[in-house]
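**Student:** Starting from the structure of chain A, add chain B where the hints point.
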Amino acid sequence: DAGITQSPRHKVTETGTPVTLRCHQTENHRYMYWYRQDPGHGLRLIHYSYGVKDTDKGEVSDGYSVSRSKTEDFLLTLESATSSQTSVYFCAISESQGRGTAYGYTFGSGTRLTVV
Amino acid sequence: KQEVTQIPAALSVPEGENLVLNCSFTDSAIYNLQWFRQDPGKGLTSLLLIQSSQREQTSGRLNASLDKSSGRSTLYIAASQPGDSATYLCAVTQDNDMRFGAGTRLTVKP
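Chains A and B are the protein sequences, given in the same order.
Sequential numbering from 37 applies to the first sequence in this note's numbering.
Sequential numbering from 2 applies to the second sequence in this note's numbering.
Bound conformation, chain A alone (with noise of 0.2 Å):
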């Protein structure tokens, strides 16, 4: 989707290092999520953002952590990478939140990270 990408989209790295994954967005939406998908678990929340220096954890984040200082820039940080890590990363957006709301959640391409 134009509106939001993800860098970079493939990449390899150690376990024990640290890895930054970028997700950014031109559409000015307050929320951001950052999900990871595996193989018999589906789509699972990390983190989520609500506002520029407002985020929360979800589902998963241990080992994970989430930084925005902007609107359009949503960061997911592994500290220390490890094997379980290894997944596809999807970040998503969505204009508003709550009961009644007619915007969904608009999705990037993903980033694919091996942790070898």
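Hints were generated in silico from the structure; no laboratory data involved.
Please note that the accuracy of each hint is not assured.
[Unchecked claim] With beta-carbon atoms standing in for the labels, derived distance ranges:
| hint | chain 1 | residue 1 | chain 2 | residue 2 | range |
| --- | --- | --- | --- | --- | --- |
| 1 | A | Thr-56 | B | Asp-40 | 23 to 29 Å |
| 2 | B | Glu-18 | A | Val-48 | 23 to 29 Å |
| 3 | A | Thr-107 | B | Ser-13 | 40 to 46 Å |
[Unchecked claim] So these bits of chain A aren't anywhere near chain B, every CB distance computed over 10 Å:
| hint | residue |
| --- | --- |
| 4 | Val-48 |
| 5 | Thr-56 |
| 6 | Asp-98 |
| 7 | Gly-99 |
| 8 | Leu-111 |
| 9 | Ser-116 |
| 10 | Thr-118 |
| 11 | Thr-122 |
| 12 | Thr-150 |
[To be verified] Pulled a few chain A residues facing chain B out of the computed Cβ check, cut under 7 Å:
| hint | residue |
| --- | --- |
| 13 | Thr-53 |
| 14 | Val-55 |
| 15 | Pro-75 |
| 16 | Leu-79 |
| 17 | Gly-140 |
| 18 | Tyr-141 |
| 19 | Phe-143 |
| 20 | Gly-144 |
| 21 | Gly-146 |
We put the CB at the ideal spot given by N, CA and C, even for glycine.
**Tutor:** Only chain B this time, still in chain A's reference frame:
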């Protein structure tokens, strides 16, 4: 904890057939339900969004229904085509979380 289940896990049909994909969820207190399509190695493409107050949404050959009280949604695909082959995911939103089913992998044979 919200759990989302999709049945069947995989489906293979001949071209031209009408088909139904099923999604069920355990907690009916949802804000909305969204159907996505995912092609191999690609991201998710939104197909339809149904708000909690709505019963169905249509887009071209796709029709999605929502029965919140019973915790069910169906995605109906009319006159299927080989280009419809993909994995279809349903997801429900509540609070600040979207919970996904594991998906149905659809193959439409020419």
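**Student:** Now look at each hint and say whether the structure bears it out.
**Tutor:** Checked hints:
1. Between Thr-56 (chain A) and Asp-40 (chain B) the beta carbon distance is about 27 Å. The supplied range of 23 to 29 Å therefore holds.
2. In this structure the supplied range 23 to 29 Å is violated for Glu-18 (chain B) paired with Val-48 (chain A), their Cβ-Cβ distance being about 42 Å.
3. Our hint of 40 to 46 Å for Thr-107 (chain A) and Ser-13 (chain B) holds, since their Cβ atoms are close to 44 Å apart.
4. The Cβ of Val-48 (chain A) sits about 16 Å from the closest Cβ of chain B, beyond the 10 Å cut-off, so the non-interface label holds.
5. Every beta carbon of chain B lies more than 10 Å from that of Thr-56 (chain A), the smallest distance being close to 20 Å; the non-interface claim holds.
6. Distance check for Asp-98 (chain A) against chain B: the nearest CB is about 16 Å away, which clears 10 Å, and the non-interface claim stands.
7. Its beta-carbon lying about 19 Å from the closest one in chain B, Gly-99 (chain A) satisfies the requirement of being farther than 10 Å from that chain.
8. The claim that Leu-111 (chain A) is not at the interface with chain B holds, since no C-beta of that chain comes within 10 Å of its own (minimum 19 Å).
9. No beta-carbon of chain B comes within 10 Å of the beta-carbon of Ser-116 (chain A); the shortest separation is about 26 Å.
10. Distance check on Thr-118 (chain A): its Cβ is at least 23 Å (rounded) from any Cβ of chain B, clearing the 10 Å threshold; non-interface status holds.
11. Against the 10 Å criterion, Thr-122 (chain A) stays outside the reach of chain B, whose nearest CB is about 15 Å from its own CB.
12. Under the 10 Å C-beta cut-off, the non-interface status given to Thr-150 (chain A) relative to chain B holds; the minimum distance is some 14 Å.
13. Interface restraint check for Thr-53 (chain A): the shortest CB-CB distance to chain B comes to about 25 Å, outside 7 Å, so the restraint is violated.
14. With a cut of 7 Å, the hint placing Val-55 (chain A) at the interface with chain B is violated, because the nearest CB-to-CB distance is about 20 Å.
15. At a threshold of 7 Å, the smallest CB-CB gap from Pro-75 (chain A) to chain B is about 9 Å, leaving the interface hint violated.
16. Annotation: Leu-79 (chain A) was flagged as interfacial toward chain B, and the flag holds, the nearest CB pair being 4 Å apart, inside 7 Å.
17. Interface restraint check: Gly-140 (chain A) against chain B, minimum CB-CB distance 4 Å, threshold 7 Å, status holds.
18. Interface restraint check: Tyr-141 (chain A) against chain B, minimum CB-CB distance 6 Å, threshold 7 Å, status holds.
19. A cut of 7 Å between beta carbons decides the hint on Phe-143 (chain A): the least distance to chain B is about 4 Å, and the hint holds.
20. Of the supplied interface hints, the one on Gly-144 (chain A) holds, with its beta-carbon coming within about 6 Å of a beta-carbon of chain B, less than 7 Å.
21. Proximity of Gly-146 (chain A) to chain B holds as hinted, the smallest CB-CB distance being about 5 Å (cut-off 7 Å).
Of the numbered hints listed earlier, those contradicted by the structure are 2, 13, 14, 15.
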